[in-house]
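**Student:** Fit chain B to the given chain A structure using the hints.
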Amino acid sequence: MNWLRIRELVRKEFIALLRDERNRRVLFLAPIIQILLFGYVVNYDIRNIKMAVIDEARTQESRTLIDSFTGSKIFRIMYYPKDQGELDSLLLQSKVDMGIKIPPDMGSRIREGETADVQVLADGSMSNMASIRIAYTVLVLDRFNMNMIRELKGQSLDYGRIDARIRTWYNPNMDSQNFFVPGIVAFVVMLISLLLTSIAVIREREQGTMEQLIVSPIRPAELIMGKTIPYIIISVIQMVVVTAFAKFWFSIPIAGSLVLMFIATCLFLLSTLGVGLFISTVSSTQQQAMMTTFLFILPSFMLSGFVFPIANMPIVIQWLTFLNPLRYFLVILRGIFLKGVGFSILWPQFLALAILGAVLFAGAVTRFHKRMD
Amino acid sequence: MSPRKIGAVMRKEFYHLIRDPRSLILAFIMPLCLILMFGYALSLDVDNVEVVVVDYDRTDVSRDLIRHIDASPYFHVKGALKDAHEVGDYLDRGWTTLGIVIPPDFTRNIRSERLAPLQVLMDGSDPNFSTISRGYINAFMERYNQKLLVEFLNRKGMERINPPVEGRIRVWFNEDLESRKFIIPGLIAVIIMIAGAMLTSLVIAREYENGTMETIKSLPLSAFEFLMGKSIPYFLICLSNVLISVLLGQVLFGIVMKASFWLMILASSVYISVSLALGLMISTATKSQLLANQGAILLTFLPSQMLSNFIFPISNMPKALQLVTYIVPAKYYINILSGIFLKDLSFAGMWKDFAVLAFMFVLLAAVTMRLLRKEGL
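Going line by line, the protein sequences match chains A and B. Take any residue in the first sequence, note its place counting from 1, add 1, and you have its number in this note's numbering. Take any residue in the second sequence, note its place counting from 1, add 1, and you have its number in this note's numbering.
Same shape as in the complex, but just chain A (with noise of 0.2 Å):
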């Protein structure tokens, strides 16, 4: 093993890399433009539910619901259809979210101590956003309810209830940037890692440099050494720049080390750089090295409890989920971005990291090795 070698290699795919303006501005921006567009796509937070009122009943007691409504902030109410069939072209055009009708005779319902049904059409297209929509209304309907009771009966009726205290750990005004932004830091290292490091062989062969390399005194070793050090050089800073961003730009709070964190993006390296060599032996046109990046990266993304819960998928695919170097690298991240966790507590999952880690690496080279002898 040469140090000298290497380090010229390095110098060599620096140049080779940089030298082009367009990869250039590819290598700063792709990052970037990622972190933006995650960082404000991926919101499932409510707001704004979009409502229509049918009002048959014009009383106070229906204005008061109206109004325990639009005071809860999360509803706005659009429109005020004359009838149903309004309410049911609303719904279709999908202008409201959702729709409430109170029947004519719900004032008279109430005085008489019965109960008035109050009919609710929820557009369940979206099941996610339609289940917390309802989840909202039922609550406004059981708080007017309470109000309701205690203005007829002109007393607080104090019966022994169940006052359930929420304490939302971690990420207390469930933000869905603070869950999704520490993700993309992730899927950035894994992207850039994975596609340099196979084109950066492949290109050597596509442009017959192979052959040179092959009989010039560098070794096998110091050849993957040489191509993929740039690459760790590139991710790691690459990481620097979207946690700074996530933290200055999106202020999302980081609880834990950033000392496990680069750690941890070391271990991640290795299986990416791993599977990137890989990729490298099984292609031979940089076509080809981008479509299976492409086909690797998909389910890897998708398996790996980004946007899905694992906890959701079938017990075979939670499965599959275990040999997915990203959903180790996710679990890290989070820890130590919003719960502030250390070591201690995700120590199976560096421990997974380092084991894949190493059994990709190791084997792509072996395989490398093989194609170069």
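Some hints could be false.
[Said to hold, decoys possible] BS3-like cross-link-like pairs, simulated, lysine-lysine; straight-line CA separation at most 27 Å:
hint, chain 1, residue 1, chain 2, residue 2
1, A, K51, B, K13
2, B, K259, A, K74
3, A, K74, A, K51
4, A, K102, A, K51
5, B, K259, A, K102
6, A, K13, A, K51
7, A, K96, B, K148
8, B, K320, A, K96
9, B, K344, A, K51
10, B, K320, A, K248
11, A, K96, A, K74
12, B, K344, B, K259
[Unchecked claim] Partial list, derived from the structure: chain A residues whose beta carbon lies under 10 Å from chain B:
hint, residue
13, Y41
14, V119
15, A123
16, M127
17, D176
18, I234
19, V237
20, I238
21, V242
22, S252
23, T293
24, M303
25, A353
26, A355
[As the list claims (entries may be wrong)] Residues of chain B clear of chain A, computed beta-carbon distances all greater than 10 Å:
hint, residue
27, E14
28, N163
29, I328
These are computed hints drawn from the structure, not numbers from a lab. Here the structure is a predicted model, which is why all the values come from computation and not from measurement. Cβ atoms here follow ideal geometry from the backbone N, Cα and C, with glycine treated the same way.
**Tutor:** Below, chain B alone, put in the same frame as chain A:
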């Protein structure tokens, strides 16, 4: 225009395609995998949230509460812990997302007509999950309190109070609230962009890189015939992908179209044309496979996945991004698909989306023709 010449270009393109297995994987296996994955594995719905409980009270009342929690469709009691600190540890390690702590004076509070605090600890990291489960907790507790109220009134011998209003909730379009019912139709839009735009983005750039573009220019072939020959094979691939997706959705996941099948085919044909025109335009403009591929990912794949109402609601995005979504073709197509699959809309209800897509196609095709003519084809 001569059908024979178009046929010749088509045949050449077809050979290219079957000689590169990776393109075929991208064209056929990938869509299949995506459908299966989204149908079986990926779901945003939250049901049967796993809960750990700590019961310091240990009375009939507290045990009854736990039984009710477990029996409700929302929750599943996974285990009982001894200590509230253990719950924190479980949350830290990600072993549970929800912990309920019943304090020692719980029963005493309820019996003596006081508020009985109940501690609920929740992992809020995932906003989709935690917002929904928070709603579940509130809804469950409200129900349980009504039961306690009835018991209280019975004890006091007072007349029963009816709740003044009761929400009769009816869910439209996706009656069982299953996320796959809106994800799978939307997925068709993403698949077409992968199979259509990403593959076609290479076809003209390839001619330039291989140096065969000069030969083509010297042939008695018009720009129109060239483009038709290049796109028809991909049009057929995309259309068969649509049919496969619809068939799988129906057979495996019971996702049935509410509106007309032929309306869906019409919408898909228009959208496929848009995506192919987009791919061909990128290809002609960049002349390099690497750049064309990156451009296709950036201009077709990412927007059709992220800015199209596919899984991320547009109404939640910042205003500036919402404006950007107006130029994303997938947005209009997904709108049409949800009209066809979920809402039973007719053409009259969606003609605007059709018109926008048709306009986009004409515009993109005209630009591509112009670019090619400038090159001397």
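**Student:** Decide, hint by hint, whether the structure agrees.
**Tutor:** Structure-based check of each hint:
no., hint, result
1, K51(A) / K13(B), "violated (53 Å)"
2, K259(B) / K74(A), "violated (35 Å)"
3, K74(A) / K51(A), "holds (11 Å)"
4, K102(A) / K51(A), "holds (14 Å)"
5, K259(B) / K102(A), "holds (26 Å)"
6, K13(A) / K51(A), "violated (58 Å)"
7, K96(A) / K148(B), "violated (38 Å)"
8, K320(B) / K96(A), "holds (17 Å)"
9, K344(B) / K51(A), "holds (18 Å)"
10, K320(B) / K248(A), "holds (23 Å)"
11, K96(A) / K74(A), "holds (19 Å)"
12, K344(B) / K259(B), "holds (7 Å)"
13, Y41, "holds (5 Å)"
14, V119, "holds (5 Å)"
15, A123, "holds (5 Å)"
16, M127, "holds (6 Å)"
17, D176, "holds (7 Å)"
18, I234, "violated (22 Å)"
19, V237, "violated (23 Å)"
20, I238, "violated (20 Å)"
21, V242, "violated (19 Å)"
22, S252, "violated (15 Å)"
23, T293, "holds (7 Å)"
24, M303, "holds (6 Å)"
25, A353, "violated (13 Å)"
26, A355, "violated (19 Å)"
27, E14, "holds (16 Å)"
28, N163, "violated (5 Å)"
29, I328, "holds (15 Å)"
In terms of the numbered hints stated before, the structure departs from hints 1, 2, 6, 7, 18, 19, 20, 21, 22, 25, 26, 28, listed from lowest to highest.
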